[in-house]
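Chemist: Residue strings, one per chain:
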Amino acid sequence: MTQRPPTAGNLFVSAPIRAGFLLVVSAGAVGWLMLSGALPARAAETNNAAISTADARSSLPVLPVVPRPPATQPEAGLRSDTHLDKTPPRKTVGLDLVKNGWTYNCMECHKLFPARWHYDRALNEHKDIKLEHGNNRFCLNCHHPTNHNAFVDYDGAEIAQADVVLLCAKCHGTTYRDWKAGVHGRANGYWNSAMGDRTRLRCIQCHDPHFPKFQAMKPLPPLRYPSRAVKGDDEAAAGASGGHAVMTQPHGQGQPDTEPKGPTTSHAP
Amino acid sequence: MSHEPENSVSPKTIEQVYQPMNRRTFLKGTAAAMVGMAGLVAALKPLLALERGEVTLHDLLQKHYRELSPADLERIRKSLEAKCEAEYGVRPTIKDLKPLDGVGFGYALNLTRCIGCRKCAHACLAENNQSREDANDIEMSYIRVLEMNKGAINLETSNAYYDPEKVPQKDKYYMPVQCHQCAQSPCTKVCPVQATWQEKDGLVVVDYNWCIGCRYCMAACPYDARRFNFKKPTIKPEAINREQSYLSNRIRPKGVVEKCTFCLQRTRAGKYPACLEVCPTGARVFGNLLDPNSEINYILNNKRVYILKEDVGTQPRFYYFFDK
Amino acid sequence: MRDYVTFLFRVWRLSFQGSWKFYAWMTLLSAVSLLGLNAYAHQFVQGLQTSNMTNQVSWGAYIANFTFLVGVAAAAVMLVIPAYIYKKEYMHEVVLFGELLAIAVIVMCLLFVTVDLGHPERFHHMIPPFGIFNFPGSILSWDVIVLNGYLLLNMHIAGYLLYCRYQRRKPTKTFYIPFVFLSIVWAVSIHTVTAFLYVGLAGRSYWHHPLVPSRFLASAFVAGPSLMILAFQVIRRVTRYYIGDQPIFTLRMIMTVAMVINMFLLGCELFTEFYSPTQHAAAAHYLYFGLHGHHALVPWIWSAMALDFVGLALLISPLSRRIAGLNIACVACFIGIWIEKGFGLIIPGFVPSSLGQIVEYLPSLNETLVCLGIWAFGLLLFSWMLHVAIPIMNGSLRAQPELSTTNP
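Protein chains in written order, with my numbering: chain A, 1 to 269; chain B, 1 to 324; chain C, 1 to 408.
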């Protein structure tokens, strides 16, 4: 996937955003700030729904529908494995590009609002991004200062979203080496390349780049203790020593605190 | 004391001691025999509950998997499919995938990455059709995830029943254990009928139609990797994975041992095993040991590898490794 | 040949003749056997879920009883050796009963293995040419061979001697003496091979222990003779066959020596397990003291220990020179070893499991009934064999009865 140049045409890449943008144009900067909070929710709607809202909204001119760009990140696992839960552990909040089917087209907004190096006050946008990634303090450590659809290399050159691995490799050399060798991160699909494709998930499909450490999650229930076995004194066992707790009751359906099921790599194709 | 005279010659013969049969004793004997027969029939009455087709002449005469002709195997696979449809309401496709040439499977698990979420253990169920009443019942999963105390690799203080709000816990790490497909497999060695054996690609499989259910292999396994069907498997039709294979995930009969086959039905078709597919942290690495460029060989060459119970001499094809 | 058919017919007829006590006893045993059969029928239909065995504790009461009984069967050799090697005349009077006991007990062993199978109807998979015999790899295959071999040996020896006695002729030595000596080696082998079943499993440190076969033999040579001592007293009391005190006290001596060795080996085992606090001692810890709050077997093993020590104390003291004291010692030793060698050996092999989990086990009701049924059936078989053998031994069942009736 190549990087789209930040042209005016690219501004209208996706219908939900376009709907938001029409209002931005009419209501001005303050209105936009308020709306940006609502954007993620709207982004989840389908194209058609967004268009009809826009139609009903006003007599503003209807802009042509622009198809979403194809996914820049591979899908986790095989489509045929519907019986398996292939959700990656990435837990993100707020402007969650992966979660809400965003287009990764940051330039939609940043065309108007150039990013700055220093944030010394809480802003309305990206408020929920909590940057806890080593000693990174600045957005522009990773994001490209002028093209927000891209990441930035050592020399200021652009790294395409699809090549995000190269960005991470700037610091995580050994991990990159392992990833390339196929032993870090998820490989899915076919181990035998002669029989099918292997997909390698990219760094940000599992790690939230702003908070790369995996969030703790609720484990799925333990092996239920067979009821026919002799029960030990469970309380004593559960409390003390080594935790040889013996589970006799069925456990509630444990759901991991991650994203809902299904491929989360956004972008319906 | 030597011979008691009594022991050498008895004054009376048996025929003198016990009177010959007359009408009275005959009737008494007949009555006793009737009572005995009635008791026998009553004792065997539970057998009436046997399902039709549970023990058939065909099954009894079936040969060992490795001695079956292709035509026989074809017929048996079809009849198993029909049986599954009749009993569970779902018609599966039961394939017979043979080992691939030049392939020896190896599996590695990154102990640094595993967070103990048990997704592998549950995916194992979804893939391999183990007996379970509901989604929570994973007793028969081939994977046990052990919660270990940091600072040691001590199985004795491990806990397989952990269920905290969140994993990973701060002072713990997690070690999933499943069949190690040992090159020196104690389980295949002890099986009295060769119902379990190692295939060319290293997978240890079970012929469920040959296993007599003595569970000696379970006693022999140092990794607690084998499961026994103490009852006829219970599984809801919607939970059944229809992609099945004769030596792996077809629904087992009761009274036989089953085990992890590295998802033979997937891996011999080139796919990754189910436990790897779902591992959220990518802690699992699977590949061909005979391919020098495979990921698994990269790990063996570049990582610090730990073999569980190496002292037992099983030579597993399953490795644990550490990162960072 | 015709004689032999007549012999079989007379034996068959005799099987159904006896005093009312005989009938009552056999009826009782049959009833309990049928109860066990009924429980087994349930198990056959529902699978082994009727037992309390689990994936973690995959062998239970059946295999425990099996292990113990193999020892009892092997102990018949303790009558054969004094009789045939040391040529003690008085032991010849009872050696046959030891062999009959071995037959009954081996049948019980085979039954215990069979009821433990998930698919007993596939038993023929072990028998070439119908099946594949994993020989010599599987110790269980060895066990099948040695157990059945021992059964056949004893059936041959006992059957041949009885038939000769019936015909009132001297047995041809070449027909049975080689088998007698073979059976001595064989008896040791059945118990050694059974021990190897467990010792061979490197993954279970509680079993993987070179002392196990020796201890098996030592404890077997206590349990077997103690049962025989009791059986001999029953025989001499309720049948017309006299057994003197001499065989009984020979057995007492054997028991005493074996028990001393057994307890010594036990001490060695306990020292090894507990002196250095290794992880391998977890199973022993579980057995004797409980582990992580689980102690289902603790009362059992300490009862066994107490019984063993009572038995030992009685045996080495003059108290057991009196029959009453000896009987108490026999009962104590028999039960003590039954617990210690059955449950005390099999269950801790699985607790904690090879991954350190603790799942406890005690037999279910259904399992217990099956076990009881097999014990009753074994007793039934032994009683029947005695009922037939004793008249042959004392001459009241013999060939050419017309001759003897005319000349009383």
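Do not rely on the hints blindly, as some may be mistaken.
As the list claims (entries may be wrong) - Think about it this way: if two alpha-carbon atoms lie no more than 16 Å apart in a straight line, the pair counts; the simulated EDC-like pairs of lysine to aspartate or glutamate are:
1) A:K218 with B:D163
2) B:K254 with C:E121
3) B:K63 with C:E121
4) B:K200 with B:D101
5) A:K218 with B:E165
6) A:K180 with A:D163
7) B:K166 with B:D137
8) B:K254 with B:E133
9) C:K88 with C:D245
10) B:K200 with B:D96
11) B:K254 with B:D96
12) B:K78 with B:D59
What the hints assert, rightly or not - Computed Cβ-Cβ distance ranges for the label pairs, DEER-style:
13) C:I85 with B:R52: 25 to 33 Å
14) B:D134 with A:A157: 34 to 42 Å
15) B:A71 with C:I177: 52 to 60 Å
16) C:I127 with A:R79: 24 to 32 Å
17) C:F175 with B:Q184: 15 to 23 Å
18) B:K231 with C:E89: 54 to 62 Å
19) C:Y160 with B:R91: 57 to 65 Å
20) B:Q184 with C:K170: 30 to 38 Å
21) B:R52 with C:H208: 56 to 64 Å
22) B:P237 with A:R79: 57 to 65 Å
23) B:R66 with C:I177: 42 to 50 Å
24) B:D291 with C:T114: 43 to 51 Å
25) C:L270 with A:M195: 26 to 34 Å
26) B:R52 with C:S19: 28 to 36 Å
Hints were generated in silico from the structure; no laboratory data involved. Every residue gets a Cβ at the ideal spot worked out from N, C-alpha and C, and that includes glycine.
Chemist: If a hint holds in the structure, say so; if it doesn't, say that too.
Modeler: Hints and how they fare:
1. Between A:K218 and B:D163 the alpha-carbon distance is near 8 Å, which keeps this suggested pair within the 16 Å criterion.
2. Only pairs whose Cα atoms come within 16 Å are accepted, and B:K254 paired with C:E121 is accepted, the gap being roughly 13 Å.
3. Between the alpha carbons of B:K63 and C:E121 the distance comes to roughly 14 Å, so the proposed pair stays at or under 16 Å and holds.
4. With a CA separation close to 8 Å, the supplied pair B:K200 and B:D101 stays within the 16 Å bound.
5. For the suggested pair A:K218 and B:E165, the alpha carbons sit about 5 Å apart, so the restraint of at most 16 Å is met.
6. The hinted pair formed by A:K180 and A:D163 meets the criterion: a straight-line CA distance of about 13 Å does not exceed 16 Å.
7. About 20 Å separates the Cα atoms of B:K166 and B:D137, which puts this hinted pair outside 16 Å; it is violated.
8. Between B:K254 and B:E133 the CA atoms are separated by roughly 15 Å; this keeps the pair inside 16 Å, and the hint holds.
9. In summary, the hint linking C:K88 to C:D245 is supported, as the alpha carbons are separated by about 14 Å, within the 16 Å threshold.
10. Distance check on the hinted pair: B:K200 and B:D96 sit about 15 Å apart at the alpha-carbon level, within 16 Å; holds.
11. At roughly 21 Å between alpha-carbon atoms, B:K254 and B:D96 are farther apart than 16 Å, so this suggested pair is violated.
12. Annotation: proposed proximity of B:K78 to B:D59 holds, straight-line Cα distance about 14 Å (limit 16 Å).
13. At roughly 58 Å, the beta carbons of C:I85 and B:R52 sit outside the given window of 25 to 33 Å.
14. For the pair B:D134 and A:A157, the supplied restraint of 34 to 42 Å is violated, since their beta-carbon distance comes to about 54 Å.
15. Hint check: B:A71 to C:I177, Cβ distance near 55 Å, so the stated range 52 to 60 Å holds.
16. Distance hint for C:I127 and A:R79: a CB-CB separation of about 50 Å, inconsistent with the stated range 24 to 32 Å.
17. Distance hint for C:F175 and B:Q184: a CB-CB separation of about 46 Å, inconsistent with the stated range 15 to 23 Å.
18. Checked against the given bound of 54 to 62 Å, the beta carbons of B:K231 and C:E89, roughly 57 Å apart, stay inside it.
19. Roughly 60 Å separates the CB atoms of C:Y160 and B:R91, a value that falls within the hinted 57 to 65 Å.
20. At roughly 55 Å, the beta carbons of B:Q184 and C:K170 sit outside the given window of 30 to 38 Å.
21. At about 45 Å, the beta-carbon gap between B:R52 and C:H208 misses the expected band of 56 to 64 Å.
22. The beta-carbon spacing between B:P237 and A:R79, approximately 22 Å, falls outside the hinted interval of 57 to 65 Å.
23. About 45 Å separates the C-beta atoms of B:R66 and C:I177, a value consistent with the hinted range of 42 to 50 Å.
24. Distance hint check: the CB atoms of B:D291 and C:T114 are about 47 Å apart, consistent with the given range 43 to 51 Å.
25. Taking the beta carbon of each, C:L270 and A:M195 are about 57 Å apart, not inside 26 to 34 Å as hinted.
26. For B:R52 and C:S19, the hinted distance range of 28 to 36 Å is not satisfied, since their beta carbons lie about 47 Å from each other.
Violated hints, in rising order: 7, 11, 13, 14, 16, 17, 20, 21, 22, 25, 26; the structure is consistent with all others.
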